[in-house]
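Using the hints provided, position chains Y and P relative to the given structure of chain D.
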Amino acid sequence: MYIKALSCISPQHTFDGDFFKFEPIDYFSKQVEAIEPNYNELIPKGLLRRMGKGVRMGIGTGITLLKEYPNVEGIIIGTANGGLEDCVKFLNQIVEYKEGTLTPTNFVQSTPNAVAANLALMTNNICYNSTHVNTGLAFESALMDAFLTLEEQAGPLLVGSLEEISSYNINIDTLKGWVKSDDETLSLLTKSNTKGSVPGEGACMFIIDKSKENAQSFIRDFSQITTKDENVLFDFFDRFLKNNNLSLEEVDGFMLGLNGDSNCNYFYDLFINRYIQKETILTFKNCVGEYPTSMSFAVWLSTELINGNNIKLVEYQAPKAKYQRILIYNHYFGLQHSFMIIEKPI
Amino acid sequence: MELVELKEKLKVQIIEYLNLIDVKPSDINDDEPFFGGDLGLDSIDSLELVVLLEREYGIKIENPQEGRKVLIDINHMANYILENQN
Amino acid sequence: MDVFVTGFGVISALGCGVDENFNELKENQTGISKAIFFESSFVDVFPFGEVKKSTEELHQILDLTLNSSLTRTDLFALIATQEAIKMANLSREEVSSFETALITSSTVGGMVETDFLYEDSNLLSTGSPFLFSYGSGAHTQKLIEHFKFQGYTDTINTACSSSANAIMMGVKLIRSGKVKRAIVGGTDSLSKFTINGFNSLQILSKKNCSPFSSERDGLNLGEGAGYLVLESSEVVKDKKLYAKIIGYGNSNDAFHPTALSDDAKGVIDAMKKALISAKIKEDDIDFINMHGTATENNDRTEIIGIKEIFKKIPLFNSTKSYTGHTLAAAGSIEAIYSILSIQNNLLFKSLNSHNPIVYNPLFDSNIKNIDVKIIMSNSFGFGGNCSSLIISKI
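Chains as they are written, first to last, in this note's numbering: chain D, 655 to 1000; chain Y, 769 to 854; chain P, 82 to 475.
Isolated chain D, as found in the complex (with noise of 0.2 Å):
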């Protein structure tokens, strides 16, 4: 599968492209939140009007996509959990009206296919349309869907995940030790001991195709396993790199989904020790924080260092002109794990 094009919001310029100009923004607190765009050129203001950030968001980045793509076959998506924030307010009316009359707006921009659902109507699109909410996986459970709809039909899809912050995540995520008690240096994040993590968001969305005409990276592989054993994990990877062909030794850049928790951290610690050299270790929640689609920012970021767009600091990063290949090892707080191998298209 090739990458043809891509757009991601995200709590650095990312949008705009001066993500790749400027020193990554740096954060001191205890989440990140995304830097939207102005969306009025995007996005009719009728609909606008009745969507959450989340909606907003994957809207925002697919229809910039779709404007240069209008005839995908596929649009599917990859949400933890999609419009939580509208779901919180929901919720709430339900106690506070005691099941009354309650606005139907905040129940109909809940529902986690709002997303794909709206970008069909937008462009006016029959094709293909899916969902999909693996928690930690639900991104790359997009992407399986859509190797899976290539190998059926003729492409391109647009492909991609968003995911929003909401007092609704931020509380349960607190009470389930995921995220820090303290504010936090985004840009130290990884290199944190503590416990939990800093909650992030954002979109990122591509253009996804079997032709690699113009194309900007391509997915050699991916696979996904949910284990808490180590073992399990390695045996499963040494399997992954070996249908592959693929020695380590021809793998440019690690880009690994450390996130500072100290209660998970110890399968990246295992992870390095057992595999890769440290200075081949490239991070990215230190510019987006944590949240359950981040997979896609990862994927996002290694096709513009493919591409031989350079972020100007990041702690950890090597200085490298180029990439040819990164390898991608995610996990969603020690239970979802994710491997990735994309490559400069040759």
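Hint data in this document are derived by calculation from the structure and do not stem from the laboratory. What you are looking at is a predicted structure, and each value in this text was computed from that prediction instead of being measured. Here a beta-carbon is modelled for each residue, glycine too, at the ideal position from N, C-alpha and C. Nothing false has been slipped in among the hints.
Calculated lysine to aspartate or glutamate pairs in the EDC-like style (CA-CA distance at most 16 Å, straight line):
{"#": "1", "chain 1": "D", "residue 1": "Lys752", "chain 2": "P", "residue 2": "Asp196"}
{"#": "2", "chain 1": "P", "residue 1": "Lys259", "chain 2": "D", "residue 2": "Glu805"}
{"#": "3", "chain 1": "P", "residue 1": "Lys454", "chain 2": "P", "residue 2": "Glu363"}
{"#": "4", "chain 1": "P", "residue 1": "Lys288", "chain 2": "P", "residue 2": "Glu377"}
{"#": "5", "chain 1": "D", "residue 1": "Lys752", "chain 2": "P", "residue 2": "Glu200"}
{"#": "6", "chain 1": "D", "residue 1": "Lys830", "chain 2": "P", "residue 2": "Glu200"}
{"#": "7", "chain 1": "P", "residue 1": "Lys259", "chain 2": "D", "residue 2": "Glu806"}
{"#": "8", "chain 1": "P", "residue 1": "Lys259", "chain 2": "D", "residue 2": "Asp875"}
{"#": "9", "chain 1": "P", "residue 1": "Lys362", "chain 2": "P", "residue 2": "Glu389"}
{"#": "10", "chain 1": "D", "residue 1": "Lys699", "chain 2": "Y", "residue 2": "Asp810"}
{"#": "11", "chain 1": "Y", "residue 1": "Lys777", "chain 2": "Y", "residue 2": "Glu824"}
{"#": "12", "chain 1": "D", "residue 1": "Lys699", "chain 2": "Y", "residue 2": "Asp806"}
{"#": "13", "chain 1": "D", "residue 1": "Lys699", "chain 2": "Y", "residue 2": "Glu784"}
Okay, the calculated beta carbon distance ranges per label pair:
{"#": "14", "chain 1": "P", "residue 1": "Gln424", "chain 2": "D", "residue 2": "Lys752", "range": "45 to 51 Å"}
{"#": "15", "chain 1": "P", "residue 1": "Glu101", "chain 2": "D", "residue 2": "Lys845", "range": "55 to 61 Å"}
{"#": "16", "chain 1": "P", "residue 1": "Lys318", "chain 2": "D", "residue 2": "Asn897", "range": "22 to 28 Å"}
{"#": "17", "chain 1": "D", "residue 1": "Glu690", "chain 2": "P", "residue 2": "Asp83", "range": "44 to 50 Å"}
{"#": "18", "chain 1": "D", "residue 1": "Gly831", "chain 2": "P", "residue 2": "Gln110", "range": "46 to 52 Å"}
{"#": "19", "chain 1": "D", "residue 1": "Glu933", "chain 2": "P", "residue 2": "Ser314", "range": "46 to 52 Å"}
{"#": "20", "chain 1": "Y", "residue 1": "Ile840", "chain 2": "P", "residue 2": "Ser114", "range": "36 to 42 Å"}
Only chains Y and P this time, still in chain D's reference frame:
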């Protein structure tokens, strides 16, 4: 409440409930149709307006037919409120 | 590559297990009634397709001690999956094989615990037992833990077409050779969140729903789960085969967030794609399990779509008149009912279709001793998501 005053209040509430972007109360004419006109409201908005009537004016619209007779424009809605309040 | 159904399990308002469901369908006994276990102020207003088991009884079925972190959504999924695995005679090794995928779906997921969720998400508690149970994908983790799945897993949420799409995803994975076997389906339970949502859209009926009746005035919500074991021709060997999934199609109606278009474009396109994918003609369809929710909009549009595709309208019913609308579970539960029709040469009566908008003999009674070779099953969801599956006799 005077009809004129009520209409102005209603316009502010509609903009708030429906989260209308870049619309000022003065942009909405009293006889401008809610549906099929420049306001561009749809069936979900009509349900939101039913909630507005109940929460702001204590008026319950139980069936959709009745809603269709009321939720036409500011004039119809304001008159209905005056007729049915207390 | 052929994809066979080698096992299935179901729990719904009609009962726990395939046998109980089949008996009620055969006897035309609806499961829709006043809810006993569900707590909501709407219990006295609307009838529901409630599973007539308490949460304690659901634990007992699974031989589990009362585990307070399992929601009804999780329990339904576990019960139906357990039955499906047993029917397909899968060994522990086969269930845990990397060649076995799990593709599940839910809309409400753990939000069924609305009151705990309210407290947890507003920091009014120190953390309820359901902290890890809320998300759409949470029930997937419970299935993985309980049955020790190790292969590819996925959770789909395309509203009311979710489990039809889960079945599609399973077939696609097997056809591509990525896996040899997939356990697919969906689960949903009655929740304040959903009932209040549907009520705010004014599409719930105060009577037992009447699909395709000119007097229909809305749907009834139901709950339950349906799971199927799909296996590739490579691994079925001499196993008992119940049906084949031969085609599928999905389209978006691209019209409205909660209603289908007057010209039924998404509905028509999904059925067309399914026929093309099954490599059959429309005359080959013997029977359609319709989405048939009994809302004014759905039934009118679905009939418009059917008339466009079929020169002669096949026999059809809506089993939502038995179970209510089970949301994410509807597509897989109805696929299972379709397989029961194929297995038993029996089509079930569609209930309450007084003064129908289009006549069809199944509005009067069951049809027995009928050779049902190929079935179409439709599922449509909010956001214009339209799916159609084609299931055939072996």
